[in-house]
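2 protein chains.
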Amino acid sequence: MARLTLALDVMGGDFGPSVTVPASLQALASNPELNLLLVGDPDAISPYLNRTDPSVMTRLRVIPAESVIAGDARPSQAIRASRGSSMRIALELVKQGEAQGCISAGNTGALMGLAKVVLKPLEGIERPALMTLLPHQQRNRTVVLDLGANVACDSTMLVQFAVMGAVMAEEVVGIPDPRVALLNIGEEETKGPDNIREAAAVLKRTPTINYIGYLEGNDLLTGKTDVLVCDGFVGNVTLKTMEGVIRLFLSLLNSSGEGKKKAWWVMLLGKWLQKRVAKRFGHLNPDQYNGACLLGLRGTVIKSHGAANQRAFAVAIEQAVQAVQRQVPERIAARLEAVLPKSD
Amino acid sequence: MARLTLALDVMGGDFGPSVTVPASLQALASNPELNLLLVGDPDAISPYLNRTDPSVMTRLRVIPAESVIAGDARPSQAIRASRGSSMRIALELVKQGEAQGCISAGNTGALMGLAKVVLKPLEGIERPALMTLLPHQQRNRTVVLDLGANVACDSTMLVQFAVMGAVMAEEVVGIPDPRVALLNIGEEETKGPDNIREAAAVLKRTPTINYIGYLEGNDLLTGKTDVLVCDGFVGNVTLKTMEGVIRLFLSLLNSSGEGKKKAWWVMLLGKWLQKRVAKRFGHLNPDQYNGACLLGLRGTVIKSHGAANQRAFAVAIEQAVQAVQRQVPERIAARLEAVLPKSD
Chain A
-9 MARLTLALDV
1 MGGDFGPSVT
11 VPASLQALAS
21 NPELNLLLVG
31 DPDAISPYLN
41 RTDPSVMTRL
51 RVIPAESVIA
61 GDARPSQAIR
71 ASRGSSMRIA
81 LELVKQGEAQ
91 GCISAGNTGA
101 LMGLAKVVLK
111 PLEGIERPAL
121 MTLLPHQQRN
131 RTVVLDLGAN
141 VACDSTMLVQ
151 FAVMGAVMAE
161 EVVGIPDPRV
171 ALLNIGEEET
181 KGPDNIREAA
191 AVLKRTPTIN
201 YIGYLEGNDL
211 LTGKTDVLVC
221 DGFVGNVTLK
231 TMEGVIRLFL
241 SLLNSSGEGK
251 KKAWWVMLLG
261 KWLQKRVAKR
271 FGHLNPDQYN
281 GACLLGLRGT
291 VIKSHGAANQ
301 RAFAVAIEQA
311 VQAVQRQVPE
321 RIAARLEAVL
331 PKSD
Chain B
-9 MARLTLALDV
1 MGGDFGPSVT
11 VPASLQALAS
21 NPELNLLLVG
31 DPDAISPYLN
41 RTDPSVMTRL
51 RVIPAESVIA
61 GDARPSQAIR
71 ASRGSSMRIA
81 LELVKQGEAQ
91 GCISAGNTGA
101 LMGLAKVVLK
111 PLEGIERPAL
121 MTLLPHQQRN
131 RTVVLDLGAN
141 VACDSTMLVQ
151 FAVMGAVMAE
161 EVVGIPDPRV
171 ALLNIGEEET
181 KGPDNIREAA
191 AVLKRTPTIN
201 YIGYLEGNDL
211 LTGKTDVLVC
221 DGFVGNVTLK
231 TMEGVIRLFL
241 SLLNSSGEGK
251 KKAWWVMLLG
261 KWLQKRVAKR
271 FGHLNPDQYN
281 GACLLGLRGT
291 VIKSHGAANQ
301 RAFAVAIEQA
311 VQAVQRQVPE
321 RIAARLEAVL
331 PKSD
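Protein chains in written order, with the working numbering: chain A, -9 to 334; chain B, -9 to 334.
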């Protein structure tokens, strides 16, 4: 792997530097070609850099930032007051070519808006979309978008998402001629709101897209499609619902049962078997696929879950590494040129 | 329990009489005060009535219907051509007072539209909503609506759903002063689309509603609220996503693992543990809470899942029994009068 530099907004997310800095050190340790620019308050960062291996420290630089965008700030206000914030500086480092991609666990709306202002959308894209690779039952992954960047989407946006998702599936997941579906409340053509039915009509007559029709929520993890497209409101609620259910199951598996006293050997056997079962569900654990990619920009931007723990934030850094290496923005730009109608 | 008669559209759903008739017999057997009117094609029904206990047969009557509304029919067309269909006749039996409630596993849009035409909405309700009682982590139930009756909802409809949901939680689940939340993509006030933020503003200043704010998808099963309100598109996708994930887990639990050969005692222990775990998840099994109630009508209408099996359809019948016994429509009407703004 060639040398690669990423900029991190270490102040964002529910836990700030206490999670993002240890995760950065973890990523640096496991990836010897990686360099990281940690953007944030140096005083908040430095306590977590004590006793860091010197060979790792040489590949890390702290970039001071004066302010942090609050998680509950209204995006429009946050963007106006963004100068000097850790999120904006991280994006500007990408714009200036100092970094090839950036990661933030901060305010999603602000990240989306600032990324548009600083990095600009690709030619032919109205609004970027948040995308993730969801592991599914067939032991491969589904590209799902939008996950919350756009609360409401018209049919044109949904079609653009479908194109970007297909490029991701082909170039990053490695699926030739990937299947593309729209998330809807029924599989029949007559179902759902106008914007989805209009997008379906366009996708059906787009020869470069392998459009397979509507899928319902229960097919999210079945692997029936390689790309699943929806608006950001539905995508966000759906993904969080799925995560909530999975976490509930994993916690039930790990909990100690009804509270009745049991013989020691039953407890031991139970624990051993529970571990085995939990292992079989492990690939569905939300911590393992943290990191949504903001697609449609002239640069790589990864949004980490705000509540991400160290392991999950490290996964988001790894996602950024992959997106940069696979040249996702460049490949999307090339495909868009071939697929989208020319403006005239 | 007093004598109670329900009308069943036995032709609806993916499996028709092969599921609905055996489920009816099961319900009759377990509920000696229940009478059922089976509406459908007598030739399709009668094979499933062979060898039925005579004491059960006396509480069952077949009402002939000439046609069936197709599951994929466009609701507007289906309603125009509905005369003589099993779904319409079942609703008319309620209208005429022959039955106190009805159940169908057929086309949701058509059922919603026909119920509005035949039974009429309650005073003050624009559009009925599909509601279900979802079991949650705290071993109680959350009232969730709308689950698909209304693809798009304005803020007024969401407020009406909140009122109806609160009545359900109080009267049927038995929760005094139930907590009411709106499903959204963040907990901060600034999050989400206009209709949700407007509904939040109204609910906040409605003293008879215990409004607690926004909840996200991951809180669907945590029991943080007693009533969860959303539009029908999001509700449908969310519920199906949840069901899909739960079914995936239950199937993984029951599957035999990676296919490696195992010692007999490992297999035995594995089976034993799987049973224990499955038991702890049992209350979340979708088959156990099938049956969504169409709230806001002058009568009880239960929509069963189209893919319901015999057990699940019997649960839907039981839901109808409960709704009639608890006088859900009457109680909602009374509460609406007190809560909703008078039209002047």
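Just so you know, these hints were derived from the structure itself, not from any lab.
All figures in this text were calculated on a predicted structure; none of them were measured in a lab.
Every residue gets a Cβ at the ideal spot worked out from N, C-alpha and C, and that includes glycine.
One thing to keep in mind: the hints can contain errors.
As the list claims (entries may be wrong) - Derived contacts from chain B toward chain A, CB cut-off under 7 Å, selection only:
#  : residue
1  : Val46
2  : Met47
3  : Val52
4  : Ile53
5  : Arg64
6  : Val141
7  : Ser145
8  : Glu178
9  : Thr180
10 : Asp184
11 : Glu206
12 : Phe223
13 : Asn226
14 : Val227
15 : Lys230
16 : Leu240
What the hints assert, rightly or not - One side of the interface only, derived from the structure: several residues of chain A facing chain B at Cβ under 7 Å:
#  : residue
17 : Ser66
18 : Glu116
19 : Asp144
20 : Ile165
21 : Arg169
22 : Ile175
23 : Ile202
24 : Glu206
25 : Gly207
26 : Phe223
27 : Thr231
28 : Met232
29 : Leu238
30 : Leu240
31 : Gly296
Verification of the hints:
Hint status for Val46(B): violated, given a least beta-carbon distance of 34 Å to chain A, over 7 Å. Checking Met47(B) against chain A by beta carbon gives a least distance of about 37 Å; that is not within 7 Å, so the hint is violated. Against a cut-off of 7 Å between C-beta atoms, the interface hint on Val52(B) is violated, since the closest Cβ of chain A lies about 30 Å away. Interface restraint check: Ile53(B) against chain A, minimum CB-CB distance 28 Å, threshold 7 Å, status violated.
Interface hint status for Arg64(B): upheld, as the beta-carbon distance to the closest one in chain A is roughly 5 Å, under 7 Å. A cut of 7 Å between beta carbons decides the hint on Val141(B): the least distance to chain A is about 5 Å, and the hint holds. Residue-level restraint check for Ser145(B) is violated (minimum Cβ-Cβ distance to chain A is 15 Å; threshold 7 Å). Against a cut-off of 7 Å between C-beta atoms, the interface hint on Glu178(B) holds, since the closest Cβ of chain A lies about 4 Å away.
Nearest Cβ of chain A to the Cβ of Thr180(B): about 5 Å, under the 7 Å cut. The hint holds. For Asp184(B), the interface hint is violated, the least distance from its beta-carbon to any beta-carbon of chain A being 9 Å, above 7 Å. Hint on Glu206(B) holds. Least Cβ distance to chain A is approximately 5 Å, under the 7 Å limit. For Phe223(B), the suggested interface contact is upheld, since its CB lies about 6 Å from the closest CB of chain A, less than 7 Å.
Below 7 Å, beta-carbon pairs count as interface contacts, and Asn226(B) has one with chain A at about 4 Å; its hint therefore holds. Interface restraint check for Val227(B): the shortest CB-CB distance to chain A comes to about 4 Å, inside 7 Å, so the restraint holds. Contact between Lys230(B) and chain A, as hinted, is supported at the beta carbon level, the nearest pair being about 3 Å apart and thus within 7 Å. Violation of the interface hint for Leu240(B) is found here, the shortest Cβ-Cβ separation to chain A being roughly 10 Å, above the 7 Å cut-off.
Among the interface hints, the one on Ser66(A) is violated; its C-beta lies about 9 Å from the nearest C-beta in chain B, farther than the 7 Å criterion. Taking 7 Å as the C-beta contact cut-off toward chain B, the hint placing Glu116(A) at the interface is violated, the least distance being around 18 Å. Checking Asp144(A) against chain B: minimum C-beta separation of about 14 Å lies over 7 Å; hint violated. The beta carbon of Ile165(A) comes no nearer than 21 Å to any beta carbon in chain B, farther than 7 Å, and the hint placing it at the interface is violated.
Contact between Arg169(A) and chain B, as hinted, is not supported at the beta carbon level, the nearest pair being about 18 Å apart and thus beyond 7 Å. Evaluation of the Ile175(A) hint against chain B yields a held restraint, the C-beta minimum of about 4 Å falling below 7 Å. Checking Ile202(A) against chain B by beta carbon gives a least distance of about 17 Å; that is not within 7 Å, so the hint is violated. Below 7 Å, beta-carbon pairs count as interface contacts, and Glu206(A) has one with chain B at about 5 Å; its hint therefore holds.
Nearest Cβ of chain B to the Cβ of Gly207(A): about 3 Å, under the 7 Å cut. The hint holds. Taken as an interface hint, Phe223(A) checks out: its beta carbon lies about 6 Å from the nearest beta carbon of chain B, inside 7 Å. Look at Thr231(A): its Cβ gets to within about 4 Å of chain B, closer than 7 Å, so that hint holds up. Of the supplied interface hints, the one on Met232(A) holds, with its beta-carbon coming within about 5 Å of a beta-carbon of chain B, less than 7 Å.
A hinted interface residue such as Leu238(A) counts as satisfied when its beta carbon comes closer than 7 Å to some beta carbon of chain B; here the least separation is about 6 Å, so the hint holds. Interface hint status for Leu240(A): violated, as the beta-carbon distance to the closest one in chain B is roughly 10 Å, over 7 Å. With a cut of 7 Å, the hint placing Gly296(A) at the interface with chain B is violated, because the nearest CB-to-CB distance is about 9 Å.
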